[in-house]
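Colleague: Sequence:
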Amino acid sequence: MHEFEQHLRQELNPQQYKAATTFERPLMIVAGAGSGKTRVITYRIAYMLSRGIPQNQILALTFTNKAAREMRNRIAELTGRKLRQLTISTFHAFGVRVLRDAIVELGYRDNFSIYDTVDQLALLKETARELHFSLDGEDLKAILTLFSDIRTGRREWTDESDRYRELFNEFRKHLRVYNAVDFDDLILLPIELFRARTDILDRYRDRFRYFLVDEFQDTSKDQYTFIHLLSSESRNLCVVGDDDQSIYSWRGADYRNLLQFERDYPEQTQITLEQNYRSTTTILEAANGVIRNNTNRKEKKLWTGEESGRPIELFYPDNERLEAAFIAERIRTLALRERIRYEEMCVLIRTNSLSRSIEEAFLAENLPYRMTGGTSFFDRREIRDLVSYMRLMANQDDDMSLLRILNTPRRGFGRKTVEVLDRIARAGRCSLYSAIVQALHAADSPLPRRVTVDLEAFVELIHEFRDRLLKNRRDMANTLAALIERIDYWQHLVSEHPTNEKLARWKYRNIELFCESLGKWERHPDNLEPTLFNYLNRISLQSRDDEEDSEDSGRVNLMTIHAAKGLEFRVVFLVGCEDGILPHKRALEEDPANVEEERRLFYVALTRAMEKLYLTSCRERSIMREIVACSPSPFLGEIPHSLVEMHEPEEPVEQAEARDYFSLIRAKLGQQ
DNA sequence: GTTCCGTTTTTTTTT
DNA sequence: AAAACGGAAC
Numbered sequence: 249m250h251e252f253e254q255h256l257r258q259e260l261n262p263q264q265y266k267a268a269t270t271f272e273r274p275l276m277i278v279a280g281a282g283s284g285k286t287r288v289i290t291y292r293i294a295y296m297l298s299r300g301i302p303q304n305q306i307l308a309l310t311f312t313n314k315a316a317r318e319m320r321n322r323i324a325e326l327t328g329r330k331l332r333q334l335t336i337s338t339f340h341a342f343g344v345r346v347l348r349d350a351i352v353e354l355g356y357r358d359n360f361s362i363y364d365t366v367d368q369l370a371l372l373k374e375t376a377r378e379l380h381f382s383l384d385g386e387d388l389k390a391i392l393t394l395f396s397d398i399r400t401g402r403r404e405w406t407d408e409s410d411r412y413r414e415l416f417n418e419f420r421k422h423l424r425v426y427n428a429v430d431f432d433d434l435i436l437l438p439i440e441l442f443r444a445r446t447d448i449l450d451r452y453r454d455r456f457r458y459f460l461v462d463e464f465q466d467t468s469k470d471q472y473t474f475i476h477l478l479s480s481e482s483r484n485l486c487v488v489g490d491d492d493q494s495i496y497s498w499r500g501a502d503y504r505n506l507l508q509f510e511r512d513y514p515e516q517t518q519i520t521l522e523q524n525y526r527s528t529t530t531i532l533e534a535a536n537g538v539i540r541n542n543t544n545r546k547e548k549k550l551w552t553g554e555e556s557g558r559p560i561e562l563f564y565p566d567n568e569r570l571e572a573a574f575i576a577e578r579i580r581t582l583a584l585r586e587r588i589r590y591e592e593m594c595v596l597i598r599t600n601s602l603s604r605s606i607e608e609a610f611l612a613e614n615l616p617y618r619m620t621g622g623t624s625f626f627d628r629r630e631i632r633d634l635v636s637y638m639r640l641m642a643n644q645d646d647d648m649s650l651l652r653i654l655n656t657p658r659r660g661f662g663r664k665t666v667e668v669l670d671r672i673a674r675a676g677r678c679s680l681y682s683a684i685v686q687a688l689h690a691a692d693s694p695l696p697r698r699v700t701v702d703l704e705a706f707v708e709l710i711h712e713f714r715d716r717l718l719k720n721r722r723d724m725a726n727t728l729a730a731l732i733e734r735i736d737y738w739q740h741l742v743s744e745h746p747t748n749e750k751l752a753r754w755k756y757r758n759i760e761l762f763c764e765s766l767g768k769w770e771r772h773p774d775n776l777e778p779t780l781f782n783y784l785n786r787i788s789l790q791s792r793d794d795e796e797d798s799e800d801s802g803r804v805n806l807m808t809i810h811a812a813k814g815l816e817f818r819v820v821f822l823v824g825c826e827d828g829i830l831p832h833k834r835a836l837e838e839d840p841a842n843v844e845e846e847r848r849l850f851y852v853a854l855t856r857a858m859e860k861l862y863l864t865s866c867r868e869r870s871i872m873r874e875i876v877a878c879s880p881s882p883f884l885g886e887i888p889h890s891l892v893e894m895h896e897p898e899e900p901v902e903q904a905e906a907r908d909y910f911s912l913i914r915a916k917l918g919q920q
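With the working numbering, the residue at position 103 of the first sequence is 351, and numbering never jumps.
Calculated directly from the structure, the hints in this document are not laboratory data.
A couple of the hints might just be wrong.
What the hints assert, rightly or not - With a straight-line cut-off of 30 angstroms between C-alpha atoms, the simulated DSSO-like cross-links for lysine-lysine are:
id, residue 1, residue 2
1, K664, K373
2, K750, K719
3, K373, K421
4, K314, K330
5, K389, K833
6, K719, K664
To be verified - Have a look at the derived ranges for each label pair, beta carbon to beta carbon:
id, residue 1, residue 2, range
7, L836, A675, 14 to 24 angstroms
8, P514, E408, 35 to 45 angstroms
9, E378, S601, 26 to 36 angstroms
10, R413, L751, 42 to 52 angstroms
Values in this document were obtained by computation on a predicted structure and should not be read as measured data.
Idealized CB from N, CA, C, for every residue including glycine.
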């Protein structure tokens, strides 16, 4: 027998083995929480390689860069090979690759910018101003969601939304003029391209023969279309997922893709992984008790050979400060008494805003922690400024970047100047940068003399540094440093924060770090194409959780439930198990049917824990500087009571109160 | 025309 | 508590 095959037989259970060794046909792996999914995927690809499938015929798609990186590392470890030709990428990053290859066919230029939410928000405001469309009292993010939904066919125009139609059309037109694409475009444009140009599609179909999609329950309709276009001919598509862990429907994830897959690939094999290798029986039973309440799920019975383990601990602190203090104290105790390392513990939160009280407690207690997520390094103002300079130099039609830096640092250009330039740009149907150049060359410039002179200097600056960035290989970090010097960004920071030099210094330090990481990137030996475009594309797709995996562990993890998907920890604290937070109030307002997704979120949180689970629910919490009374999450009552133990507070009075509280929830649930 | 200062609003999750 | 906006001061 094949040597590696034997190894697999030893390492995997029968279902896992079958999943890892089936690759010449469509395959759906339904992988329950903790069932060794990543293990199976990595072994599967390693197995394919061992059977002589060339690396460059395999395409594996994941959702985060982190997941992609981890998968690559683990396969590399397993096979001891370099894997230069193996494509493991996020959907979006792969979309960029396709576009870089052929976006010209769609009438864009290949130095396109990628607009994230912040850019889109700015563009929306800009467009509204032009159209004299008042955005007073409007929820801008909701408008962007509407636009995205319209674009991806998730929603149709209605009588109610019709008033945004013109805004939408103009918004799309602008993106086009700026030679910019958004996140939806990264999937939609490749689809458009493949449909319009079958020769290009055929090229990709020839190149890639084996496909794997991780976290399949979180793919959108378009992502499915995309992978289906690529794989429908060779038909070796493997999807891996768990409908119970689908928590991204708000971003377009559509569980119906599971059904679509069954229809499109009727010859598929389906394998369900039900043995859980992660959690104690207690934790698993709690999770099962919760998820059972969802309708419309693929029936699974997760089981584990583990012993029952320790009870789940439930605590009702009076407020979020006590909640944080309790968690900090527990962490310290567990570390001291049970020798559990900090990095083996994790605090999970529903919303980023909940991190505040926890962080304060950790800082006060001197507990080392690491918050994954939150504001990304690249979302910091000072970094965005520099990135905007770079983006403008890469793509001079990128108006949003230009507007950001035109007067940063202050150059004396204000609203009026922009208005004039904007008029020229609109008349000529061109970008602002072209408008500036035009205005400078025009005989009868509509701009005052002083402004013209300053604009000239600005254009020269952009030109000079653009040349340097594009021409000199592996010298971008130095060039950027020179730019920072030239525009005297330090002075700018000082004048922006006149009373807070510490803050200014911190921001300047961030900038230095940014330069350093750019330098590291462009000088890395594996980086064969260290161009400005590639760098910008890379950082636009860099999410919050995969910045510099600083290996300095020994720190407690703090993250949102969404960010914790796919991870596991010996001890998990779930914060804010309150009605209105989990399930989240706004999610339910949007659509009461969202409870099920909120329940899945709760389920994902519970199943991250290996040994010990703490749940806390505050009686009061200050939300937007107001103190609000909170009631426990209804999900708490879905956990079998025998598995839960009340945390014993210091005063016996409170203990009795807490017990009353618990029976209160039970009563409440009984009514439903 | 630009900058500064005081007022208002905000917090669901993210590629 | 911080950012974003709008009106008054320079």
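Colleague: List in ascending order the numbers of the hints, as given earlier, that are violated by the structure.
Modeller: Checked against the structure, the hints that fail are numbers 2, 6, 7, while the rest are satisfied.
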